[in-house]
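Using the sequences and the hints given, assemble the complete structure.
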Amino acid sequence: MISRSFSEPRPSEITPKEYYLRRRMVLAVTGFLSAGAATGTVKAASLATRPGGFGKAETPTSLADITHYNNFYEFGLDKSDPARLSGSFHSRPWTLRIQGAVAKPVIIDIDQLIATHQPESRIYRMRCVEAWSMVIPWDGIPLADILRQAEPLGSAKFVAFTSVLRPDELPGQRSGYGSISWPYVEGLRLDEAMNPLTLLAVGLYGETLPSQNGAPLRLVVPWKYGFKGIKSITTMTLMETMPPTSWNQLAPQEYGFYANVNPDVDHPRWSQASERVIGSGGFFGERRQPTRLFNGYGDQVAHLYAGMDLKTFF
Amino acid sequence: MASSIRWTPPGVIILTLWIAGLVPAFRSFWLGADNELGPDPVRSFEHLLGLWAFRFLLASLAITPLRLVTGYSLIRYRRTLGLLAFVYALMHVATYIALDLQFDFAILWRDLTRRPFLVFGMIAFLCLIPLAATSSQFLIRKLGRNWRRLHRIVYVALVAASAHFLMAFKTWHPEALLYVLSGSILLIIRVGYKIRSQVRQTGAKM
Numbered sequence: 473m474i475s476r477s478f479s480e481p482r483p484s485e486i487t488p489k490e491y492y493l494r495r496r497m498v499l500a501v502t503g504f505l506s507a508g509a510a511t512g513t514v515k516a517a518s519l520a521t522r523p524g525g526f527g528k529a530e531t532p533t534s535l536a537d538i539t540h541y542n543n544f545y546e547f548g549l550d551k552s553d554p555a556r557l558s559g560s561f562h563s564r565p566w567t568l569r570i571q572g573a574v575a576k577p578v579i580i581d582i583d584q585l586i587a588t589h590q591p592e593s594r595i596y597r598m599r600c601v602e603a604w605s606m607v608i609p610w611d612g613i614p615l616a617d618i619l620r621q622a623e624p625l626g627s628a629k630f631v632a633f634t635s636v637l638r639p640d641e642l643p644g645q646r647s648g649y650g651s652i653s654w655p656y657v658e659g660l661r662l663d664e665a666m667n668p669l670t671l672l673a674v675g676l677y678g679e680t681l682p683s684q685n686g687a688p689l690r691l692v693v694p695w696k697y698g699f700k701g702i703k704s705i706t707t708m709t710l711m712e713t714m715p716p717t718s719w720n721q722l723a724p725q726e727y728g729f730y731a732n733v734n735p736d737v738d739h740p741r742w743s744q745a746s747e748r749v750i751g752s753g754g755f756f757g758e759r760r761q762p763t764r765l766f767n768g769y770g771d772q773v774a775h776l777y778a779g780m781d782l783k784t785f786f
Numbered sequence: 253m254a255s256s257i258r259w260t261p262p263g264v265i266i267l268t269l270w271i272a273g274l275v276p277a278f279r280s281f282w283l284g285a286d287n288e289l290g291p292d293p294v295r296s297f298e299h300l301l302g303l304w305a306f307r308f309l310l311a312s313l314a315i316t317p318l319r320l321v322t323g324y325s326l327i328r329y330r331r332t333l334g335l336l337a338f339v340y341a342l343m344h345v346a347t348y349i350a351l352d353l354q355f356d357f358a359i360l361w362r363d364l365t366r367r368p369f370l371v372f373g374m375i376a377f378l379c380l381i382p383l384a385a386t387s388s389q390f391l392i393r394k395l396g397r398n399w400r401r402l403h404r405i406v407y408v409a410l411v412a413a414s415a416h417f418l419m420a421f422k423t424w425h426p427e428a429l430l431y432v433l434s435g436s437i438l439l440i441i442r443v444g445y446k447i448r449s450q451v452r453q454t455g456a457k458m
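Protein sequence lines correspond, in order, to chains A and B.
Convert by adding 472 to the 1-based position in the first sequence; the result is the number in this note's numbering.
Convert by adding 252 to the 1-based position in the second sequence; the result is the number in this note's numbering.
None of these hints come from the bench; they were simulated from the model.
Yeah, the Cβ is synthetic: ideal placement off N, Cα and C, and Gly gets one too.
One should not assume that every hint holds.
[As the list claims (entries may be wrong)] Derived CB-CB ranges, DEER-like:
| hint | chain 1 | residue 1 | chain 2 | residue 2 | range |
| --- | --- | --- | --- | --- | --- |
| 1 | A | T784 | B | V408 | 30 to 38 Å |
| 2 | A | G757 | B | I381 | 26 to 34 Å |
| 3 | A | G779 | B | A384 | 51 to 59 Å |
| 4 | A | S653 | B | L439 | 26 to 34 Å |
| 5 | B | F357 | A | P740 | 16 to 24 Å |
| 6 | B | A384 | A | P724 | 36 to 44 Å |
| 7 | B | D356 | A | G559 | 48 to 56 Å |
| 8 | A | S653 | B | L418 | 41 to 49 Å |
| 9 | B | D356 | A | P639 | 37 to 45 Å |
| 10 | B | A358 | A | G757 | 16 to 24 Å |
| 11 | A | P639 | B | Q450 | 44 to 52 Å |
| 12 | A | P724 | B | S434 | 26 to 34 Å |
[Claimed, not checked] Listed below are several chain B residues computed to face chain A (Cβ distance under 10 Å; list not exhaustive):
| hint | residue |
| --- | --- |
| 13 | G284 |
| 14 | F297 |
| 15 | T423 |
| 16 | S449 |
Here it is as structure tokens:
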């Protein structure tokens with residue numbers, strides 16, 4: 473039986489509501505000012521969500537920080553690039569294809585997907601491989617519910633995810649210098665994909681996902697480093713063998729297939745023992761907290777890795 | 253510094269260089285204290301200081317190649333540029349230890365013993381210390397030829413800082429590549445002229 477209980481954060485871990493509200497207000501004002509300029513792009517619309525049982529006690533990082541500080545190399549290398557350069561990205565119309573080792577391959581329209589599975593709001597911790605963290609209130613659908621629609625075959629052991637390839641709309645995909653070979657690809661073992669924690673997020677803070685955070689749908693695997701959370705997914709392929717993953721292809725010594733959050737397995741270039749908490753009090757008070765194994769979700773997922781050497785399969 | 257201000261045009265330029273050179277640090281510190289440096293202010297401040305350290309290091313290393321290529325000498329401003337590079341490197345390291353690691357010396361020790369990215373950064377910083385310490389007119393005279401030998405360490409600092417800069421990003425970063433390429437060009441110009449003058453000298457002896 474998988475536990476749905478969460479270790480609660482200390483009061484000091486929580487963003488003071490006053491700051492959080494102030495940031496929201498700033499965002500609302502800037503959003504209003506820029507609304508005129510943003511024609512042609514999909515604006516955030518409110519989602520009909522139901523409360524999920526996950527992480528109710530955690531107070532989220534501000535919407536402004538979540539939407540203005542993230543990695544999405546398709547838009548640029550800097551963490552401010554996604555918000556700045558995602559204006560011409562079109563996340564509608566959009567279809568998700570599920571194929572490979574399945575009995576019923578399907579192509580699902582994103583709005584139909586949202587209508588059939590009422591998204592659930594869940595507050596998850598997010599730990600980036602770069603040693604910073606946030607708390608994010610996602611709205612999403614358990615991946616297992618979606619995969620079951622396609623009826624995976626008994627031979628299926630992995631799920632491969634493919635992100636969007638549109639150099640016209642994604643400036644980072646136009647650059648000639650070699651980094652990631654587009655499109656971005658990711659993968660999970662099937663049991664990881666079917667774990668109740670694994671979410672396909674379609675929203676944030678009760679509204680449709682902004683382009684810079686992976687609209688219209690992205691993977692959220694809260695016990696793994698953020699780069700596993702592939703954004704703007706177009707295809708999921710059930711496979712019998714382990715699929716390639718983008719960061720692992722680029723630097724296999726630095727990024728493994730599993731990428732489970734683990735304070736005892738350091739990145740070759742920096743320590744993973746602790747993390748900076750984004751938006752946690754500014755310049756002098758920015759908090760550094762110890763990183764937890766599986767990002768604190770060990771009760772829910774540790775059994776998936778029983779008997780595996782986590783230092784070898786990092 | 254203050255005691256040696258000379259109100260000649262070069263003296264005024266040097267004073268201006270110091271003031272203008274420190275503006276980016278003060279401005280960011282002010283913004284940071286006001287919580288206006290974005291979602292991750294410590295990282296932004298840390299990176300800005302490192303970037304300016306590298307810029308001033310390049311500027312100080314550009315003085316001689318500029319003279320070799322154009323004949324125009326800015327040698328009297330080289331010490332200020334070098335010291336600014338050192339001051340920024342010092343603030344960069346201090347920010348890393350005080351604001352980023354918050355004096356967690358266990359992590360610092362692990363970083364400095366195991367991680368090439370931080371080892372290279374620390375080598376670059378340590379190289380700059382003896383250079384800054386021997387930058388006074390008095391010591392330049394006193395050390396004579398040895399001063400020039402000692403200050404060749406700056407090339408070690410450049411190579412180590414370049415490695416550190418490139419490794420700070422998860423992928424090849426065009427901006428970092430551009431800076432490192434600039435440093436390499438400055439180095440190549442120097443080495444090129446050195447070889448040419450040696451070839452001429454041996455040619456003259458024959």
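Hints and how they fare:
{"no.": "1", "hint": "A/T784 - B/V408: 30 to 38 Å", "result": "37 Å, holds"}
{"no.": "2", "hint": "A/G757 - B/I381: 26 to 34 Å", "result": "31 Å, holds"}
{"no.": "3", "hint": "A/G779 - B/A384: 51 to 59 Å", "result": "55 Å, holds"}
{"no.": "4", "hint": "A/S653 - B/L439: 26 to 34 Å", "result": "32 Å, holds"}
{"no.": "5", "hint": "B/F357 - A/P740: 16 to 24 Å", "result": "21 Å, holds"}
{"no.": "6", "hint": "B/A384 - A/P724: 36 to 44 Å", "result": "41 Å, holds"}
{"no.": "7", "hint": "B/D356 - A/G559: 48 to 56 Å", "result": "40 Å, violated"}
{"no.": "8", "hint": "A/S653 - B/L418: 41 to 49 Å", "result": "20 Å, violated"}
{"no.": "9", "hint": "B/D356 - A/P639: 37 to 45 Å", "result": "43 Å, holds"}
{"no.": "10", "hint": "B/A358 - A/G757: 16 to 24 Å", "result": "21 Å, holds"}
{"no.": "11", "hint": "A/P639 - B/Q450: 44 to 52 Å", "result": "50 Å, holds"}
{"no.": "12", "hint": "A/P724 - B/S434: 26 to 34 Å", "result": "31 Å, holds"}
{"no.": "13", "hint": "G284", "result": "4 Å, holds"}
{"no.": "14", "hint": "F297", "result": "7 Å, holds"}
{"no.": "15", "hint": "T423", "result": "4 Å, holds"}
{"no.": "16", "hint": "S449", "result": "37 Å, violated"}
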